Amino acid sequence: EVVLKDIAVLSKIKWKALIIDEAHRLKNDKARLFGELLSIPRDFCVLLTGTPLQNSTEELWSLLHFSDPNTFASKDSFVEKFGQLKDAKQVSDLHTMLKPYLLRRVKEDVEKSLPPKEETILEVSLTPTQKKFYKAIYERNTAFLFKGAKPSNSPSLMNVMMELRKCCNHPFLIRGAEERIITE
1 EVVLKDIAVL
11 SKIKWKALII
21 DEAHRLKNDK
31 ARLFGELLSI
41 PRDFCVLLTG
51 TPLQNSTEEL
61 WSLLHFSDPN
71 TFASKDSFVE
81 KFGQLKDAKQ
91 VSDLHTMLKP
101 YLLRRVKEDV
111 EKSLPPKEET
121 ILEVSLTPTQ
131 KKFYKAIYER
141 NTAFLFKGAK
151 PSNSPSLMNV
161 MMELRKCCNH
171 PFLIRGAEER
181 IITE
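Going by UniProt numbering, the letters in the sequence shown line up with residues 1 to 184, in that order.
Just so you know, these hints were derived from the structure itself, not from any lab. Treat the hints loosely; a few may be bogus.
Unchecked claim - Think about it this way: if two alpha-carbon atoms lie no more than 25 Å apart in a straight line, the pair counts; the simulated PhoX-like pairs of lysine-lysine are: (1) Lys99 x Lys16; (2) Lys107 x Lys117; (3) Lys89 x Lys75; (4) Lys5 x Lys132; (5) Lys107 x Lys132; (6) Lys107 x Lys89; (7) Lys147 x Lys131; (8) Lys166 x Lys135; (9) Lys132 x Lys147; (10) Lys75 x Lys99; (11) Lys30 x Lys75; (12) Lys147 x Lys166; (13) Lys99 x Lys89; (14) Lys86 x Lys107; (15) Lys81 x Lys30.
Stated by the list, open to error - Restraint ranges, calculated between C-beta atoms of paired labels, are given here: (16) Leu126 x Leu157: 51 to 61 Å; (17) Val2 x Lys131: 44 to 54 Å; (18) Asp43 x Cys168: 18 to 28 Å; (19) Asn28 x Gln90: 39 to 49 Å; (20) Arg105 x Leu157: 35 to 45 Å; (21) Val79 x Leu33: 18 to 28 Å; (22) Asn159 x Leu126: 18 to 28 Å; (23) Ser11 x Leu126: 43 to 53 Å; (24) Asp43 x Lys131: 24 to 34 Å; (25) Thr120 x Leu33: 28 to 38 Å; (26) Lys12 x Lys147: 31 to 41 Å; (27) Arg32 x Pro116: 37 to 47 Å; (28) Ile19 x Cys168: 48 to 58 Å.
Small disclaimer: the values here were computed from a predicted structure and weren't measured. Ideal Cβ placement from N, Cα and C applies to all residues, glycine included.
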């Protein structure tokens, strides 16, 4: 959804490839996200999702239409052919039709070919700007933090931790920080 903020700029570029992670968010062809992303010019696209079919074949059509609008132009004819999936022939036909569009990888199969996880911890110092913002967030919430975690304030404690984490990642992630830093 972050892309919607910059859609005017992004849709002026002719992209070689459009790669969309969490593509199941495009399952509703009436949603703004679907329409805006569909308007981005590209040579081809790759949709990444763990759940290409969640509730209905209409949702699957949306993903297929997004990736190949010419082949999957009509939702009605797709739903008429695959809407209910009542018999084995329909399922077989759907599998055949999906073959060039769908590559399915199951976690158990993929894990076998991956090297073991390796964790490397790198200690990195905060920049002076990050230190300033971190200290301000901490001081603003000191009294609250000293109360400790209780069921009643647990969500708020998580919010403070999230703000501190944002500051450590990049100060521009903190609301209003970018403008203040630029004007200084």
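Do the hints match the structure? See the list:
no. : hint                        : in the structure
1   : Lys99 x Lys16               : 23 Å, holds
2   : Lys107 x Lys117             : 15 Å, holds
3   : Lys89 x Lys75               : 20 Å, holds
4   : Lys5 x Lys132               : 29 Å, violated
5   : Lys107 x Lys132             : 43 Å, violated
6   : Lys107 x Lys89              : 28 Å, violated
7   : Lys147 x Lys131             : 23 Å, holds
8   : Lys166 x Lys135             : 13 Å, holds
9   : Lys132 x Lys147             : 23 Å, holds
10  : Lys75 x Lys99               : 19 Å, holds
11  : Lys30 x Lys75               : 12 Å, holds
12  : Lys147 x Lys166             : 22 Å, holds
13  : Lys99 x Lys89               : 15 Å, holds
14  : Lys86 x Lys107              : 29 Å, violated
15  : Lys81 x Lys30               : 21 Å, holds
16  : Leu126 x Leu157: 51 to 61 Å : 21 Å, violated
17  : Val2 x Lys131: 44 to 54 Å   : 27 Å, violated
18  : Asp43 x Cys168: 18 to 28 Å  : 38 Å, violated
19  : Asn28 x Gln90: 39 to 49 Å   : 23 Å, violated
20  : Arg105 x Leu157: 35 to 45 Å : 38 Å, holds
21  : Val79 x Leu33: 18 to 28 Å   : 21 Å, holds
22  : Asn159 x Leu126: 18 to 28 Å : 20 Å, holds
23  : Ser11 x Leu126: 43 to 53 Å  : 37 Å, violated
24  : Asp43 x Lys131: 24 to 34 Å  : 45 Å, violated
25  : Thr120 x Leu33: 28 to 38 Å  : 36 Å, holds
26  : Lys12 x Lys147: 31 to 41 Å  : 51 Å, violated
27  : Arg32 x Pro116: 37 to 47 Å  : 42 Å, holds
28  : Ile19 x Cys168: 48 to 58 Å  : 28 Å, violated
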